[in-house]
Amino acid sequence: QVQLQESGPGLVKPLGTLSLTCAVSGGSISNNNWWNWVRQPPGKGLEWIGEIYHSGSTNYNPSLKSRVTISVDKSKNQFSLKLSSVTAADTAVYYCASGTYAGLGYWGQGALVTVSS
Amino acid sequence: QSVMTQPPSVSGAPGQRVTISCTGSSSNIGAGYDVHWYQQLPGTAPKLLIYGNTNRPSGVPDRFSGSKSGTSASLAITGLQAEDEADYYCQSYDSSLSGSRVFGGGTKLTVL
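Line by line, the protein sequences are chains Y and G.
In terms of my numbering, the first sequence has 97 at position 97, counting the first letter as 1, and numbering is strictly consecutive.
In terms of my numbering, the second sequence has 1033 at position 33, counting the first letter as 1, and numbering is strictly consecutive.
Treat the hints with caution; some may be incorrect.
[As the list claims (entries may be wrong)] Output of the computed footprint for chain G on chain Y, the stretches with three or more beta carbons under 8 Å from beta carbons of chain G:
(1) 22–31
(2) 69–80
[To be verified] Here are the simulated DSSO-like cross-link-like pairs (lysine-lysine), alpha carbons at most 30 Å apart as the crow flies:
(3) Y/82 / Y/13
(4) Y/13 / Y/76
(5) Y/65 / Y/82
(6) G/1047 / Y/76
(7) Y/65 / Y/13
(8) Y/13 / Y/44
(9) G/1108 / Y/76
(10) Y/76 / Y/65
(11) G/1108 / Y/44
(12) G/1047 / Y/82
(13) Y/44 / G/1047
(14) Y/65 / Y/44
(15) G/1108 / G/1047
(16) Y/44 / Y/82
(17) G/1047 / Y/74
[Claimed, not checked] Facing chain Y, according to a computed beta carbon distance under 7 Å, are these residues of chain G, among others:
(18) 1036
(19) 1045
(20) 1046
(21) 1048
(22) 1051
(23) 1052
(24) 1064
(25) 1089
(26) 1097
(27) 1100
(28) 1105
(29) 1106
Hint data in this document are derived by calculation from the structure and do not stem from the laboratory.
Note that this is a predicted model, so its numbers are computed, not measured.
Using N, Cα and C, we set each Cβ at its ideal position, and we do this for glycine too.
Only chain G is shown next, with the shape it has when bound in the complex (with noise of 0.2 Å):
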């Protein structure tokens, strides 16, 4: 059971704007530890999205974008395209845990 929450599933037509949550705690997000955020697309290795909070890689769509505030952080997702469908995935770092990294426990993406 991972220390960080995500919806298990989420749902969206093509253009449509939707949102992933990552909720942690005062050990984790809200210690101040930086989030970020992979896509892993069916079959294939994660890859990053969103680094630091709020930034991207480079190559990686404006319509992708990050933010954090409190003990959560999100992932929001504009005009969405059937090739979003992914598997989403938030990570961070857990004081009550030595400092390791620490993955949410994925969102499903569909593209309806």
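Isolated chain Y, as found in the complex (with noise of 0.2 Å):
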């Protein structure tokens, strides 16, 4: 049973650059997953960020891939999410969540970070 926990920085400043890491375990992280990030600013609906695979292939959303770097290291079994130039807009829990074509069938539980200088 694959198992995601997100971790990273609670506040990050106005234009400054959000970064998170989701620890993978129960599973190996070059399986056939796409690694995915999806956020929901509070009180709002879900928001895909972008996926990558273990080739260090990468899909983003493009309202937000000017901004987005999703990367992967196998080494310690993690994948990371760095998102800059960031407003009080980019407020949200932040999910990473794992699967393929099929949906996501695995999900962290969440890290909220709050933009506030």
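Assembly of the complex is requested from the two constituent chains, each provided in isolation within its own frame, with the hints serving as guidance.
Below is the structure:
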């Protein structure tokens, strides 16, 4: 049973870079899954940010693509999110999730990131 | 604003049947992409409820079912229970967004 756990700073200054890591346990990051980031602003719906395959191939939400980098560290069995030039609109709970084109079957518990000075 | 539209809220009494619609377009659901459904209980992460339009992961009760036709999909819940009160999201892919995963805006189900 794959388990995912997000970690990273809960507070980021405006115009700074948001950085989160998702640790994968109970399975290898080199399996046939895509490793995703999804966010949810307070009281709002889900927004897909992007995904990465263990080969390093990535897909990003076009609306965020210029500010997003997702990377994978196979040696640590984890993947990471960097979102640059953040504003208050980027305040959200950030989830890591994994799955295939058959949906995202595994989710982390989520990490609240607040953008504020 | 999502490219797939869901009603903001639906409600039903215990034991009743409710449906939640997910209306897309020719670049997502109508293009033949699969639709998945997620249930998000208050204060928790989303959970995959239906995948590949009609399939239930192991452990999901058969009270939940999905369907797809044309540019729309639906989630049906029969024998409504208090524990079903949650937010529900559809998810597909959109060719006009470079094949990105896209979520519907979400529907709040209230059990009366």
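For this session: Classify the hint on residue 1097 of chain G as holds or violated, based on whether any CB of chain Y lies nearer than 7 Å to its CB.
Result: Holds, about 5 Å.
Problem set entry | Supplied contact hint for residue 1064 of chain G, tested at 7 Å Cβ to chain Y | 14 Å, violated
Exercise. Holds or violated: residue 1045 of chain G as interface residue toward chain Y, Cβ cutoff 7 Å?
Worked result: Interface hint status for residue 1045 of chain G: holds (4 Å vs cutoff 7 Å).
Problem set entry | Cut-off 7 Å, beta-carbon criterion: hint that residue 1106 of chain G touches chain Y | Residue 1106 of chain G check passes; min Cβ-Cβ to chain Y is 4 Å, inside 7 Å.
Exercise. Quick one, is the residue 1105 of chain G hint okay against chain Y at 7 Å, beta carbons?
Worked result: Nearest chain Y Cβ about 5 Å off; hint holds.
Problem set entry | Hinted contact residue 1036 of chain G with chain Y - closest CB pair below 7 Å | 4 Å, holds
Exercise. Are residue 1047 of chain G and residue 74 of chain Y close enough, with their CA atoms no more than 30 Å apart?
Worked result: Given pair residue 1047 of chain G, residue 74 of chain Y holds - Cα atoms ~26 Å apart, limit 30 Å.
Exercise. Between residue 44 of chain Y and residue 1047 of chain G, does the CA-CA distance stay at or below 30 Å?
Worked result: At roughly 17 Å apart (the allowed maximum being 30 Å), residue 1047 of chain G and residue 44 of chain Y satisfy the hint.
Exercise. Are residue 76 of chain Y and residue 65 of chain Y close enough, with their CA atoms no more than 30 Å apart?
Worked result: 25 Å, holds
Problem set entry | Agreement of residue 1108 of chain G and residue 76 of chain Y with the hint, judged by alpha carbon distance not exceeding 30 Å | Given that 30 Å is the threshold and the Cα spacing comes to 38 Å, the pair is violated.
Exercise. Given the hinted pair residue 65 of chain Y and residue 82 of chain Y, is their alpha-carbon gap at most 30 Å?
Worked result: Since the Cα atoms of residue 65 of chain Y and residue 82 of chain Y sit roughly 11 Å apart, the hinted pair holds (cutoff 30 Å).
For this session: Compare the distance between the alpha carbons of residue 65 of chain Y and residue 44 of chain Y with 30 Å, and conclude whether the hinted pair is satisfied.
Result: 21 Å, holds
Checked against the numbered hints listed earlier, the structure breaks hints 1, 2, 9, 24; every other hint is satisfied.
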